[in-house]
Amino acid sequence: MAQVAVRNVVKKYGSLQVIHGVNIDIADGEFVVLVGPSGCGKSTLLRMIAGLERISGGEVDIGGRVVNDVLPKDRDIAMVFQNYALYPHKTVAENMGFPLKLKGRPKDEIAAKVKKAAEILALEKLLDRYPKQLSGGQRQRVAMGRAIVRDPQVFLFDEPLSNLDAKLRVTMRVEIKELHQRLKTTTVYVTHDQIEAMTMADKIVVMRDGHVEQIGAPLDLYDRPANTFVAGFIGSPAMNFVLGRLEGRDGETVFVSDHGTVLPVPAGTAPRPEPVVYGIRPEHIDVRPGGIAATISVLEPTGSETQIFARIGEDPLNAAVRDRVASRPGETIPLSIDSQRVHLFDRQSGKRI
Amino acid sequence: MRSNTVGWLMLAPTIAILAVFGIAPFIYVLYVAFHHWNPFGADPLMTYNGANNFRRLVFDREFLLSIAVTIKFAFFAVVSEIILGYLLAQLFMREFPGRGLFRTVHTLPLIVAPIVVGSVWRLMTTPSIGIIPYLLKTWFGYDLNIGRDAGAAFLLTVIMDIWHWTPLVTLTLLAALLSLPKEPFEQAQIDGANRWQIFWHITLPMIRPAILATVFIRLMDALRTVDEVWMLTSGGPGAATRYVGLHIWKIVFPKTDYGYGAAISVIVLYLTLVMCWLLYVALVAPRQKKEAE
Numbered sequence: 001m002a003q004v005a006v007r008n009v010v011k012k013y014g015s016l017q018v019i020h021g022v023n024i025d026i027a028d029g030e031f032v033v034l035v036g037p038s039g040c041g042k043s044t045l046l047r048m049i050a051g052l053e054r055i056s057g058g059e060v061d062i063g064g065r066v067v068n069d070v071l072p073k074d075r076d077i078a079m080v081f082q083n084y085a086l087y088p089h090k091t092v093a094e095n096m097g098f099p100l101k102l103k104g105r106p107k108d109e110i111a112a113k114v115k116k117a118a119e120i121l122a123l124e125k126l127l128d129r130y131p132k133q134l135s136g137g138q139r140q141r142v143a144m145g146r147a148i149v150r151d152p153q154v155f156l157f158d159e160p161l162s163n164l165d166a167k168l169r170v171t172m173r174v175e176i177k178e179l180h181q182r183l184k185t186t187t188v189y190v191t192h193d194q195i196e197a198m199t200m201a202d203k204i205v206v207m208r209d210g211h212v213e214q215i216g217a218p219l220d221l222y223d224r225p226a227n228t229f230v231a232g233f234i235g236s237p238a239m240n241f242v243l244g245r246l247e248g249r250d251g252e253t254v255f256v257s258d259h260g261t262v263l264p265v266p267a268g269t270a271p272r273p274e275p276v277v278y279g280i281r282p283e284h285i286d287v288r289p290g291g292i293a294a295t296i297s298v299l300e301p302t303g304s305e306t307q308i309f310a311r312i313g314e315d316p317l318n319a320a321v322r323d324r325v326a327s328r329p330g331e332t333i334p335l336s337i338d339s340q341r342v343h344l345f346d347r348q349s350g351k352r353i
Numbered sequence: 001m002r003s004n005t006v007g008w009l010m011l012a013p014t015i016a017i018l019a020v021f022g023i024a025p026f027i028y029v030l031y032v033a034f035h036h037w038n039p040f041g042a043d044p045l046m047t048y049n050g051a052n053n054f055r056r057l058v059f060d061r062e063f064l065l066s067i068a069v070t071i072k073f074a075f076f077a078v079v080s081e082i083i084l085g086y087l088l089a090q091l092f093m094r095e096f097p098g099r100g101l102f103r104t105v106h107t108l109p110l111i112v113a114p115i116v117v118g119s120v121w122r123l124m125t126t127p128s129i130g131i132i133p134y135l136l137k138t139w140f141g142y143d144l145n146i147g148r149d150a151g152a153a154f155l156l157t158v159i160m161d162i163w164h165w166t167p168l169v170t171l172t173l174l175a176a177l178l179s180l181p182k183e184p185f186e187q188a189q190i191d192g193a194n195r196w197q198i199f200w201h202i203t204l205p206m207i208r209p210a211i212l213a214t215v216f217i218r219l220m221d222a223l224r225t226v227d228e229v230w231m232l233t234s235g236g237p238g239a240a241t242r243y244v245g246l247h248i249w250k251i252v253f254p255k256t257d258y259g260y261g262a263a264i265s266v267i268v269l270y271l272t273l274v275m276c277w278l279l280y281v282a283l284v285a286p287r288q289k290k291e292a293e
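Same order as they appear, the protein sequences are chains R and H. FYI, the numbering for the first sequence is 1 to 353, going by the UniProt record's numbering. FYI, the numbering for the second sequence is 1 to 293, going by the UniProt record's numbering.
Isolated chain H (complex conformation):
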């Protein structure tokens, strides 16, 4: 079985990297999750405590709240990004002066590191020095203070995420739109479809795989947002923007409660998988089954 050996050899570097940086840490986190381990706590030794960490988080109000706000955040951010990204992609399908420049500028947020995005947005929104509170005050007489107003803080984290990640959606959907054959659209015009009907019956079903892939990617990313929000609001005011990633960070680093933090990480991974699986079952699987028949 020479070909098999060669195949495994070719895969070996990838498998090695995956094992060292993916599988091993995951198994270690899983291991830690079943232990009590707080090296700077009263009892610094790592001791096995069964499923107690998991038992604890079921009754942890802060954790449950953070899950709720994270899902709310992910829902608003991803839905807005998909809609806005699709509209921008359609815009870039048309010819207009300055299209190339606009397209380039529009993708710039993608290359900015999340921590920088968070800092910039923080600068722009800090009361008394930021441009956004200033303009809102002068134009609308509205006092923006994300240090005090929980609703505004939540909204701003959503807007920041939209600003940062919509270009990704635009690019993916633009690629999908560009790869579509022209004829079904011409055929639909002749068949008597208006613009809305063409969108609903032709465009949407044809770019559906791209939309779903983008939703999955963006959903997973949104569920584990940490750095941007950390820079902008640090999870505040109160716990209004303390998304689950931030919650884990707070437990693992300032509190050094490694065992509990690991348990939450495992549960969040599990929740993410379940959500994606539900989406898949609801949107992708029935259709494939229908086609396979």
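Just chain R, same shape as in the assembly:
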């Protein structure tokens, strides 16, 4: 187990710079998720921590040792790849025992460790199989088993669940989290799926275009996103954004959209001359008598909740409500916004006000 520190790390391919001075501190035993859209540099950053990509600038520190020039094999890390990277010509047991075999450990010790890891992951019956005889979820577990057997300082996961179907993904998500709670090994996990990030992480690092947008606990990011990108990326369904201004009316501040819709803001908000972005999550909008009249465009009932795609005047607004909605598309519905949970951002910079 170890702390990991990423300091001012830069990655360049020739003249193309893909990571622009990233700083992340990872505490011992912490589960950190790097999340962001495709091409944001999260996998590249993980591969630099693993030693599979050269670091063009800055430092990566694992357990108090700068590892920039240390080979992957000497970094004492284990990695789980998206397509599992199992050795096709080795059995499950040989796959899992390979790192120990390379270290020249005695056979009975390897067998004991493989057996223990196989018990943790319910792989005992598969130890003599070859990877091609396994299902996707089983392969994923073997890849994790190989990581566990090493007992490394850090686990690295590179989108490990992307190749699994939706149901299995949820199961494996829980398994990985349980595993971490049990082993308490420092973990860096890359995903593009914000739900994985929210559910698994102790700390989330949101990345975009090679920059870190925000670092924080999952609920902090949800409650206080630092900018419009994080606000839109974290949370499902995604936050509503309305462009407009904060104006004073009768001694109170209100938000007036560019199309003239008036929406409530948190108490104590001051008017400001610069244009703003008004953000409200769909789940913080309710259907309640006395709300703002909105026209329903589309309804998506999922059973547990109903998503309402509606319009207030020209401005589209989505709501997600727990109750079933009896109205039909085209009808008018009163939407009530929880003004304490409104997020306001500067329109120019996108930063939270």
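Do not take every clue at face value.
Cut-off 25 Å, straight-line C-alpha distance, at most; resulting in silico cross-link-like pairs (DMTMM-like, lysine to aspartate or glutamate) [what the hints assert, rightly or not]:
#1 R/Lys90 - H/Glu186
#2 R/Lys101 - H/Asp60
#3 H/Lys182 - R/Asp74
#4 H/Lys182 - R/Asp202
Read the hints as simulated data drawn from the structure, not as lab findings.
Chain R is fixed; fit chain H onto it per the hints.
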């Protein structure tokens, strides 16, 4: 069973060609092998003589010697070609200036006809006019004369075969290497493998099928080498490079002993099959059995 009929019709041209050019000649050779037939000999008629041809070749010292040198030749040539071909394939996996040009030039020997390869090598090695004896003489003071030195002649036929056929091995292994997924290699680096361990535990097992296929192809080819060696040494000096293909040629053409030549051909085919089968049993089958369990 309409689909079946269509299937046979589709296969018909291939089957016809195979029957005319493959199966029929083979059956004819088999037929001739059981006859005494030397149209220019004392008894020109084709007469059935049972297994006498086969009986004769068991006691034929020249034939047994030719089998021995052929196996020696095939072993040295194929082993060197596989090792050299693998190293070249690894070289072509890397970026270096002039790689494309080098790769193209390196495959040129493949498109040269064996008879031409033999002629060129003969020109290069003929004492007093060839460049190779000249350079060996000026640089090392060594007198190369493949007309007299049996060891040198044997070595040269091996080197010529390596020169001619290594590019084939390189291309096959390069294709195999290029088709390998990247992740197991990265995983192996993280798992703590050094370069030698990655080669031994990951690369080699993963390109094993390609290596085996290449070994089979090259082995079969090497066992039936004729034209190149015929041009270079004509099987000499003495019988030092008289490989079994040359031996058959000598019996069938200058000596016109068709029956005996056919019998040797059948036996050589049989030996080739046995060798490939042994290789298969030793290298491929145990592994498949293990995987099937």
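Right, here's what the structure says about each hint:
Our distance criterion of 25 Å between C-alpha atoms is met by R/Lys90 and H/Glu186, whose separation comes to about 16 Å. This hinted pair does not check out: R/Lys101 and H/Asp60 have alpha carbons roughly 54 Å apart, beyond 25 Å. Proposed proximity of H/Lys182 and R/Asp74 is supported: the alpha carbons are some 20 Å apart, at most 25 Å. Using a Cα cut-off of 25 Å, the hinted pair H/Lys182 and R/Asp202 is violated, with the two alpha carbons roughly 31 Å apart.
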